[in-house]
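2 protein chains.
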Amino acid sequence: MDKIIEPKVLKGFRDSLPEQEIRKKKMFRILEETFSSFGFVPIDTPALEYTDVLLGKGGGETDKQVYSFKDNGGRDVAMRFDLTVPLARFITANKSNIIFPFKRFHISKVWRGENTQRGRYREFYQCDFDIVGTDSPSADIEILIMMKTSLEKLGIIGFKIYFSNRGILNKFLEINNVKDKSVEILRIIDKLAKIGKEKTKGLLTELTGAEICNKILDFITPADSFDKTLNKLISLCNGDNAETERLKIIYKALRENEIENYFILDPTITRGLDYYTGLVFETFLEGNREMGSVLSGGRYNNLASLYTNEQIPGIGASIGIDRLIAALEESENKKPQNMCDCIVFNIDDELIGLLYKTAEEIRKQGISCEVYPESKKLNKQFAYAEKKNIPVGVIIGKDEKESGTITVKDLIARKNYEKIQIQDGIEKIASIIRETKN
Amino acid sequence: MDKIIEPKVLKGFRDSLPEQEIRKKKMFRILEETFSSFGFVPIDTPALEYTDVLLGKGGGETDKQVYSFKDNGGRDVAMRFDLTVPLARFITANKSNIIFPFKRFHISKVWRGENTQRGRYREFYQCDFDIVGTDSPSADIEILIMMKTSLEKLGIIGFKIYFSNRGILNKFLEINNVKDKSVEILRIIDKLAKIGKEKTKGLLTELTGAEICNKILDFITPADSFDKTLNKLISLCNGDNAETERLKIIYKALRENEIENYFILDPTITRGLDYYTGLVFETFLEGNREMGSVLSGGRYNNLASLYTNEQIPGIGASIGIDRLIAALEESENKKPQNMCDCIVFNIDDELIGLLYKTAEEIRKQGISCEVYPESKKLNKQFAYAEKKNIPVGVIIGKDEKESGTITVKDLIARKNYEKIQIQDGIEKIASIIRETKN
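Protein chains in written order, with numbering that gives the first Met the number 0: chain A, 0 to 437; chain B, 0 to 437.
Warning: the hint list may mix true and false statements.
Each pair may be met inside one copy or between any two copies, as identical chains are not told apart.
No more than 27 Å apart at the CA atoms, straight line, and that leaves these computed lysine-lysine pairs for DSSO-like [said to hold, decoys possible]:
hint, residue 1, residue 2
1, Lys94, Lys10
2, Lys25, Lys94
3, Lys251, Lys376
4, Lys94, Lys386
5, Lys251, Lys363
6, Lys436, Lys69
7, Lys400, Lys147
8, Lys247, Lys397
No wet-lab data here; the hints were simulated from the structure.
All chains, please: the whole structure from these sequences, using the hints.
Written as structure tokens, this is what we have:
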């Protein structure tokens with residue numbers, strides 16, 4: 000006998016069982032339909048790329064997390080670690096075939112050799128949508144509306160989108176002569192929720208002195224309405240500027256769409272990355288802020304600087320798929336997935352042809368229907384149906400065959416409807432399924 | 000200025016542009032819906048696995064094609080090169096959480112460092128469906144029916160599924176005392192279509208002698224009907240056996256489902272691999288056999304021998320996604336994809352809020368609708384709509400706003416319907432879309 004190998008999975012990687020995979024596919028379908036309903040189009044890029052194409056001249060924290068190696072042809076290659084770098088590469092490489100402004104979405108796996116002790120996975124999905132090639136406030140509005148609609152369509156309730164504008168913060172830091180420290184300052188602010196106000200104050204004072212620190216703390220403390228918060232920002236910036244005007248335009252449109260209650264202007268939102276230049280946003284589930292943001296992003300003015308000297312502006316958002324799945328599982332109380340609507344039991348191998356023919360008749364009515372593939376004892380077949388959460392069964396024996404009927408079994412209520420004409424039987428099946436879905 | 004990097008893609012890898020990606024997603028959705036309608040459930044497995052888990056003790060031709068490397072933790076890892084080995088691994092690892100007989104499908108990317116000169120790609124999709132854990136003829140029947148239904152649902156016309164039974168061939172070789180040469184013999188038969196009858200005859204004679212060669216050639220030459228071909232096989236096997244009986248059961252069920260015309264018993268079908276033990280099948284498009292099989296597979300009796308001593312039987316099929324996409328593109332004359340149903344043009348930035356509100360009203364009727372994100376010249380906006388193949392546009396200016404109307408533009412027929420009430424306007428939009436879809 001050959002040596003048996005243990006069928007183990009790499010640390011940080013996961014199998015997806017049918018229950019989870021069905022849930023995930025439903026979620027992706029809802030998202031894809033929502034994005035498409037806004038005129039966004041899908042793309043895909045390779046899982047493997049040249050290492051220098053993904054990482055540039057290299058360095059930085061990302062590097063160590065990237066799965067990179069030499070392929071059999073001696074090329075330095077790496078598995079993609081996000082969908083933003085591939086988007087930039089894609090846009091530069093396919094420029095002449097892309098319709099700008101380019102509204103695209105991309106749902107796919109990425110790989111990072113992260114420390115799994117923090118509950119992180121090394122293989123996970125990203126779901127990004129961006130509008131590339133325009134700097135207009137209209138694109139900002141569209142992304143915000145699509146964020147709200149996407150979460151609603153997924154059945155997420157009780158979420159708030161917190162937004163701010165990095166351009167206003169930059170203006171404020173400029174006025175206070177600390178623009179050169181902006182990277183450090185915004186990283187400190189970004190950690191506020193995690194480290195608390197006192198520690199933030201300490202770090203900022205150390206960096207900028209007490210006076211500026213107090214001004215910054217004043218700047219990032221939201222007032223109790225959009226208008227009041229914005230007015231404070233305007234006054235701290237010595238009057239209106241292009242970015243405060245832009246926020247007004249955005250909020251006016253949200254109000255006109257009667258969805259402003261989903262959005263909160265919160266100057267503590269900075270997003271840690273250098274990358275963003277305008278609107279930035281994060282989304283928290285009410286009563287579950289510690290889960291972290293489930294949908295974040297912002298405006299950038301130079302997407303593809305790695306590949307071209309041309310400035311390509313855009314705005315994008317990224318959905319935290321794993322977090323949302325966790326949130327949805329909680330809210331649905333892990334209700335088991337219905338893996339099929341109807342099952343035709345097999346009590347007589349002689350009748351196989353008829354069993355499949357009947358199943359096909361049932362499927363024609365939009366009802367998913369399978370045939371149990373062996374004429375095993377019925378209690379084994381019932382146990383199978385129960386595990387797959389199938390609400391209705393059909394029995395066809397010699398009697399049914401002769402009379403052109405079927406026996407329908409309501410597997411939840413445990414009721415039988417014996418020897419009914421096939422079309423009436425299918426009606427009955429449909430009505431039982433409707434009941435169980437309510 | 001930093002050094003710019005050329006945004007190039009690895010040889011054998013491809014970007015998927017929106018047009019292609021929309022087409023592919025539609026195809027996957029149809030397949031997933033079909034498989035689910037038969038009670039099949041989806042799974043997923045990691046892209047990366049331990050190298051020895053995927054390759055066993057190594058060796059063989061596959062090895063050189065596999066992307067394998069040492070990860071940052073020093074583990075030997077490899078990217079999956081098919082979905083069959085991961086299925087076997089998955090089943091052994093998750094045995095207690097799987098419902099047997101296990102009907103699963105898996106559509107996902109795999110990677111092979113193949114020679115790209117033969118038009119092969121190094122990253123491509125596989126689409127597999129299997130019934131694992133039963134040896135019943137009923138499972139064979141189900142797989143055959145599902146193959147036929149899947150191709151039909153995809154809109155493939157003119158296909159034939161050629162099938163045979165490796166068990167019968169084995170019996171025949173046993174009777175003729177050449178069972179020990181079966182691997183070589185079936186590989187030669189498998190190449191018949193490629194190398195021609197004369198060359199096949201030469202190779203077989205060399206291997207088995209002239210007499211056996213002639214018997215084999217007789218065995219693999221189909222007669223002009225299922226019954227005649229089967230009867231010849233039975234007589235060449237000195238009478239019925241379990242495998243010829245099984246073929247009768249299968250064909251009877253196909254007849255009872257009135258789909259036997261899609262299936263041809265063809266003993267030249269052997270599938271090169273050792274792996275198969277019973278029913279084997281390949282699918283060719285009529286008039287396009289040189290494209291190769293678009294849907295192939297067969298029955299195996301020992302799926303997971305790498306991981307367990309337990310024999311796990313099953314039957315599975317694999318769809319050649321790239322070939323089918325090529326076939327569908329041909330038959331559709333590359334009709335451009337409609338990337339959105341309706342577009343709201345922007346002629347006045349002051350009205351942005353109203354534009355998005357109107358788009359939302361339109362979407363509520365199940366019509367995908369986008370807003371052009373800038374108030375650019377209308378001819379630029381029209382050009383954008385044309386490139387995205389959008390059939391209807393909406394214009395809202397100050398007049399429309401004041402009168403609570405919209406102007407609807409049929410972008411194909413180039414007709415305007417000016418200032419109509421919004422609900423009537425949406426009706427008009429829906430009717431124009433219906434026309435263009437016919």
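Status of each hint after checking the structure:
1. Lys94 with Lys10: between (39 Å within a copy, 19 Å between copies)
2. Lys25 with Lys94: The answer is between: 25 Å across copies meets 27 Å, while 32 Å in one copy does not.
3. Lys251 with Lys376: Only across copies: Lys251 and Lys376 sit 24 Å apart there, 67 Å inside one copy, limit 27 Å.
4. Lys94 with Lys386: Between. Shortest inter-copy distance 14 Å satisfies the 27 Å Cα cut-off; intra-copy 51 Å does not.
5. Lys251 with Lys363: The answer is between: 22 Å across copies meets 27 Å, while 49 Å in one copy does not.
6. Lys436 with Lys69: Neither, since 52 Å and 49 Å both go past 27 Å.
7. Lys400 with Lys147: between (54 Å within a copy, 25 Å between copies)
8. Lys247 with Lys397: This pair counts as between: shortest inter-copy Cα distance 21 Å, intra-copy 75 Å.
Of the numbered hints given earlier, the model fails hint 6 alone.
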